[in-house]
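Undergrad: Take the two lone chains, each set in its own frame, and fit them into one complex as the hints suggest.
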Amino acid sequence: NAGVIQTPRHKVTGKGQEATLWCEPISGHSAVFWYRQTIVQGLEFLTYFRNQAPIDDSGMPKERFSAQMPNQSHSTLKIQSTQPQDSAVYLCASSPRTGGGYAEQFFGPGTRLTVL
Amino acid sequence: SQLAEENLWALSVHEGESVTVNCSYKTSITALQWYRQKSGEGPAQLILIRSNEREKRNGRLRATLDTSSQSSSLSITATRCEDTAVYFCATDPNTDKVVFGTGTRLQVSP
Chain Z
1 NAGVIQTPRH KVTGKGQEAT LWCEPISGHS AVFWYRQTIV QGLEFLTYFR
51 NQAPIDDSGM PKERFSAQMP NQSHSTLKIQ STQPQDSAVY LCASSPRTGG
101 GYAEQFFGPG TRLTVL
Chain S
1 SQLAEENLWA LSVHEGESVT VNCSYKTSIT ALQWYRQKSG EGPAQLILIR
51 SNEREKRNGR LRATLDTSSQ SSSLSITATR CEDTAVYFCA TDPNTDKVVF
101 GTGTRLQVSP
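In order, the protein sequences belong to chains Z and S.
First residue of the first sequence? That's 1 in the working numbering, and the numbers climb one at a time after it.
First residue of the second sequence? That's 1 in the working numbering, and the numbers climb one at a time after it.
Hints in this document: simulated from the structure, not taken from any laboratory.
Wrong hints could be hidden among the right ones.
Only some residues are given here: those of chain S computed to face chain Z with a beta carbon under 10 Å [claimed, not checked]: (1) ALA31; (2) ALA44; (3) ARG50; (4) ALA78; (5) PHE100; (6) PRO110.
If you anchor each label on the Cβ, the simulated ranges turn out as follows [said to hold, decoys possible]: (7) Z/LYS15 with S/ALA78: 46 to 54 Å; (8) Z/VAL12 with S/GLU41: 19 to 27 Å; (9) Z/SER27 with S/ASN22: 18 to 26 Å; (10) Z/GLN52 with S/GLU41: 25 to 33 Å; (11) Z/ASN71 with S/SER18: 27 to 35 Å; (12) Z/GLN68 with S/ASN58: 48 to 56 Å; (13) Z/GLY3 with S/PRO110: 28 to 36 Å; (14) Z/GLU63 with S/PRO110: 44 to 52 Å; (15) S/SER12 with Z/ASP57: 18 to 26 Å; (16) Z/ASN51 with S/THR20: 18 to 26 Å; (17) S/GLY16 with Z/GLN72: 40 to 48 Å; (18) Z/GLN52 with S/GLY16: 46 to 54 Å.
These figures come from a predicted structure and were not determined experimentally.
No residue lacks a Cβ here, since even glycine has one placed at the ideal position from N, Cα and C.
Pulled out of the complex, with its shape left as it was, chain S reads as follows (with noise of 0.2 Å):
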């Protein structure tokens, strides 16, 4: 079973809307990271929170953690067609690997 997964495979929205992508997760952790994937690319960094954090913001991005209930969601404003990709949470299950869930594929339609 996953360490951490999104709780959706995939998500359609029109551009200007808003969007949550969810995640949950099965163990203690000091941090949760957002990793974002665009086609023919590597992921990359979205939002790093971590445990004692209960928000975190960068731009149109806002990532929220609850660790009562293992969960964490990001969420993206004014969405642009650029948004579109797959979204990955990402936790470190007290070692220093990183798992990453099972992603999130966001299209974003004109």
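In isolation and in its complexed conformation, chain Z is listed as follows (with noise of 0.2 Å):
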């Protein structure tokens, strides 16, 4: 089992630029989750998907992020027109089954995305 994949593990774009994240959760996993990490705001959810819906976007900054699941083994997240305010780790999290807190996530390593 290799785990939640995220790729690319680091990217650097130029302001206005687009940047495409990608996740391939775990196999079998219901529900797949993204969360973008700073220093300063933490851990914050974006967004997630149950058996490939997206259910709750809440966290999304809805002008520029967008998100997708076109299939059971991979995710996108997808920012356009980056700005450096963009510039976080973005975190994809898989699990077996949603429940809120009964449910273990299971998160990759992270894409670490610079905006210049």
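TA: Here is the structure:
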């Protein structure tokens, strides 16, 4: 079991460019979560999918961020027109089930995005 | 304001000492999880304690939960250098989501 895979591990973009981050959840897990982590804000929830369907995107900055899960083996987080304040570590997690506090989340190593 | 937060930004201990990280939360919960994040890695769950439980152990780790004061603690005995990490509590405010605290940075030195 390779765990949750995130690619790339590091990405550097120029201001205004697009960034696409990839996540491969653990096989068989029904829930996929995206978080953003910074020193100042900590771990911020962005969005999550259950059985590939988007369930809650309340943490997503509406204008430039989008997430998809076209199949059960991967999810993408796309940031258009990146800004320096988007610099963060983006973490993907999967869970064998939803159920709030009862459901352990398995995290990938994250993608460190740097916007120059 | 944070729905869950650890009470200290950072702690420092020497190997072999015991340490306790505290967490407070603001809403009713069904369970509380403790996670550890080592440098360069994603968080990993250490303990899940349900709202009807008062204590849970996992090796050198012991978590307590006090729903009346809406607080939890994670104690680590006989600390090792490899326990150096950020420790988060995470709660579910009656939703499918889990809300993470800001984390306590633990440094264990030789």
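Undergrad: Now look at each hint and say whether the structure bears it out.
TA: How the hints compare with the structure:
no. : hint                              : in the structure
1   : ALA31                             : 3 Å, holds
2   : ALA44                             : 7 Å, holds
3   : ARG50                             : 8 Å, holds
4   : ALA78                             : 25 Å, violated
5   : PHE100                            : 4 Å, holds
6   : PRO110                            : 26 Å, violated
7   : Z/LYS15 with S/ALA78: 46 to 54 Å  : 49 Å, holds
8   : Z/VAL12 with S/GLU41: 19 to 27 Å  : 21 Å, holds
9   : Z/SER27 with S/ASN22: 18 to 26 Å  : 37 Å, violated
10  : Z/GLN52 with S/GLU41: 25 to 33 Å  : 26 Å, holds
11  : Z/ASN71 with S/SER18: 27 to 35 Å  : 47 Å, violated
12  : Z/GLN68 with S/ASN58: 48 to 56 Å  : 36 Å, violated
13  : Z/GLY3 with S/PRO110: 28 to 36 Å  : 30 Å, holds
14  : Z/GLU63 with S/PRO110: 44 to 52 Å : 49 Å, holds
15  : S/SER12 with Z/ASP57: 18 to 26 Å  : 39 Å, violated
16  : Z/ASN51 with S/THR20: 18 to 26 Å  : 39 Å, violated
17  : S/GLY16 with Z/GLN72: 40 to 48 Å  : 46 Å, holds
18  : Z/GLN52 with S/GLY16: 46 to 54 Å  : 48 Å, holds
The earlier numbered hints that this structure contradicts are 4, 6, 9, 11, 12, 15, 16.
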